[in-house]
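First to last, the protein sequences are chains A and B. Under numbering that gives the first Met the number 0, the first residue of the first sequence carries the number 0, and numbering increases by one thereafter. Under numbering that gives the first Met the number 0, the first residue of the second sequence carries the number 0, and numbering increases by one thereafter.
Hints are not guaranteed to be accurate.
From the structure, some residues in chain A lie toward chain B, with a derived Cβ separation under 7 angstroms [stated by the list, open to error]:
| # | residue |
| --- | --- |
| 1 | Met22 |
| 2 | Met134 |
| 3 | Leu215 |
| 4 | Ala369 |
Hints listed in this document are in silico derivations from the structure and should not be mistaken for laboratory results. Heads up, the beta-carbon is just placed ideally off N, CA and C, and yes, glycines get one too.
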Amino acid sequence: MPPETPARAVRTLDYTGSERLTMNMGPQHPSAHGVFRAILELEGEQVVGVDAVIGYLHRCHEKLAEHLTYVQYPSIASKTDYVAAMTSELAYVMATEGLAKVEVPKRAQYLRVLVAELQRVASHCLWLGTWCMDMGGALGGGATVFLYCIRERELILDLFEALTGARLLYGFHQIGGVRYDLPEGWAAQCRQTIDLIEQRLLEYEGLLEENAFFHLRTKGVGVITRELAEDVGIGGPLLRGSGVAYDLRRAHPYSSYEDFQFDVPVEPAGDCFARYQVRMVEFRQAIRIVRQILDGLPEGPISSRPGVKSVAQVRVPKGEIFTRVEGPRGEVGCYLIGDGGPKPYRMKWRGASFSNLAVLPHIIPGHSVADVVAIMGSVDPVFGEVDR
Amino acid sequence: MTDLSPAVSALLTGGALLGALLGLLAYVTLLERKFAARLQSRIGPYRVGPHGLLQPIADGVKLLLKEDLVPAAADRTVFNLAPVVFLVPCFLIYATIPFAPGLGVADVNIGVLFFLAVSSMEIVGLFMAGWSSNNKYALLSAMRAVNQIISYDLPFLMAAMVPVLLAGSLRLSEIATAQQGLWFVFYPVIGQLGFVAYVVASVAAENRVPFDILEAESELVAGFRVEYSGMKFAMITLSEYAHVIGTSFLGALLFLGAWSGPGPEWLGPGWFRLKALMMFSLITWVRWSFIRIRVDQILRISWKLLLPLTVLLVMATAIIVVLRGGTGG
Chain A
0 MPPETPARAV
10 RTLDYTGSER
20 LTMNMGPQHP
30 SAHGVFRAIL
40 ELEGEQVVGV
50 DAVIGYLHRC
60 HEKLAEHLTY
70 VQYPSIASKT
80 DYVAAMTSEL
90 AYVMATEGLA
100 KVEVPKRAQY
110 LRVLVAELQR
120 VASHCLWLGT
130 WCMDMGGALG
140 GGATVFLYCI
150 RERELILDLF
160 EALTGARLLY
170 GFHQIGGVRY
180 DLPEGWAAQC
190 RQTIDLIEQR
200 LLEYEGLLEE
210 NAFFHLRTKG
220 VGVITRELAE
230 DVGIGGPLLR
240 GSGVAYDLRR
250 AHPYSSYEDF
260 QFDVPVEPAG
270 DCFARYQVRM
280 VEFRQAIRIV
290 RQILDGLPEG
300 PISSRPGVKS
310 VAQVRVPKGE
320 IFTRVEGPRG
330 EVGCYLIGDG
340 GPKPYRMKWR
350 GASFSNLAVL
360 PHIIPGHSVA
370 DVVAIMGSVD
380 PVFGEVDR
Chain B
0 MTDLSPAVSA
10 LLTGGALLGA
20 LLGLLAYVTL
30 LERKFAARLQ
40 SRIGPYRVGP
50 HGLLQPIADG
60 VKLLLKEDLV
70 PAAADRTVFN
80 LAPVVFLVPC
90 FLIYATIPFA
100 PGLGVADVNI
110 GVLFFLAVSS
120 MEIVGLFMAG
130 WSSNNKYALL
140 SAMRAVNQII
150 SYDLPFLMAA
160 MVPVLLAGSL
170 RLSEIATAQQ
180 GLWFVFYPVI
190 GQLGFVAYVV
200 ASVAAENRVP
210 FDILEAESEL
220 VAGFRVEYSG
230 MKFAMITLSE
240 YAHVIGTSFL
250 GALLFLGAWS
260 GPGPEWLGPG
270 WFRLKALMMF
280 SLITWVRWSF
290 IRIRVDQILR
300 ISWKLLLPLT
310 VLLVMATAII
320 VVLRGGTGG
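Here chain A stands alone, though its shape is the one from the complex (with noise of 0.2 angstroms):
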């Protein structure tokens, strides 16, 4: 347990030559993937005790779901998890839908798996970039895999620019479907981009999978075992990285993800070397159900509900629901409570990164300053979704 605030103030002299320090890492640091704040307990370089400190980020969403419609909310949901906005998009709107027993037409399901995929390629980019550059610096080779992974990112970004005009937030989701049908050539270029992603992520497994630096960074470095992770109740990544076998995608299909064929990858080391393995492989199999979309998407509508604009087209009648997607952070869940008006009684999100940051204390303790930002790194939190 952290010590109360006056107990730290007070340090003890033991005289034996060693002696604790407390240090502060965050809420402004330049490897606190945001805002997150720990407070360390150091033996010389070794971490003897962390407090993760959370709050910086946060923007009462539950509370501002409470105050605005069905309608409204989605893209405003796209704000909790600002790398991967696609995903609470479609889980908020699952939700509604589930309340509202709406269908969904098999184009706009599968569209919407098309860019769950995408994202998923997307943020796994930025955190590939931001873990190298954690362990490797912004004055070093860490900033190089940063710049070539934001490269690729920026590519997808186009893509959805391409379909939606936003390249962060996207309000792509709507009740009962999607709000944009793929542009006229779209396909084409998004075919093109995959292709190039899928051969430029050689070139970073050699650049670092070839390097002995990168081993010896990432290989036995905060391990968690099968039974923490079962306990903590992290997910995705992190949890296949501890040998659970366990994708929502497989296990729960949504969205019609029976329709496709993919490898769920399961590592059982549960270092951050195997969550990057983990990672490398969900690079490929995103882009391989990518593929089976492009070649075959379903003609049809896109909306059971074309331009849904008013709540007055979407009834949502009293009673509660738990709606679960695969996130590129694990487990993104949406809880609403209708109470048959236009507006949800009570929200609350289930944010992977916050789930997965409750492992961050059990592991940290006894490695080293520069093992916890690789730690941090590789469990990918962002901090919107953790503080919300």
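With chain A fixed as given, assemble chain B onto it according to the hints.
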């Protein structure tokens, strides 16, 4: 300059050298930035002057005009003194380097030793900066600095001893002359191993990625210089570049044959600078493609791998020199 007294002559040469050096250093930063930018599929500085050629001057002016902050809780005297203490050894290392036959400030008979001794003095300034800032990041960085510099100065010294043994002299100009026939980097096996060890140890001694744990901006924000701003920051950065370039010159002198090269003799100094810049580019290339390693791993590599290997290398070189029948290239 024969009619001038030795003191005046040394002063003139030193002044001219320092001026040339400052210009070189300013433009080396631009070279590194352009090089890194191309490596990362960027363009790099482009706005100030044609192709960003005036960027170093703009940077200097900007740093000069910045507010000079001293933290309230810092040890003022030590804090203000540290950049100077850091700067002096980083520039003193140039004193013994002969930039062309006969063109140097002091061609002393213990040139290599002087270089190594002075360059390890920079740790004093580093530690002063880290300690006086009264900042935990800076303190951790200063602790790391002492660890690392002590660990890597030994293999650095051992690697530098290989050409010394081959040439049979500590005087830098004699080492350069000994390589007029065969550059020491081309000396079978020993030359290549020595060169690799020299590059690794010098990257570590210069605190550059992958050994930049002192600065480690993703862990310690900026390490020992986290509280420095304005001109003091500029002085620290300039000194670091001076150290890197000085080590590159020494590397070019010890292994790459200094001023030997094709063409007439007056091209010699040009060749020497070119080789030093090649060394610098090599170090920069490493810097921008590797990720940083951890402090304990750095120490392990030094004490368990690099130091024993370089000691063995020096012993092997000594045996070869004796078997070959005495020193001399």
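A quick look at each hint next to the structure:
1. Met22: The hint holds - Met22 (chain A) has a Cβ within 7 angstroms of chain B, the shortest such distance being about 5 angstroms.
2. Met134: Check passed: Cβ of Met134 (chain A) comes within 5 angstroms of chain B, closer than 7 angstroms.
3. Leu215: With Cβ-Cβ at 5 angstroms, under 7 angstroms, it holds.
4. Ala369: Holds, because the Cβ-Cβ distance from Ala369 (chain A) to chain B comes to roughly 5 angstroms (cut-off 7 angstroms).
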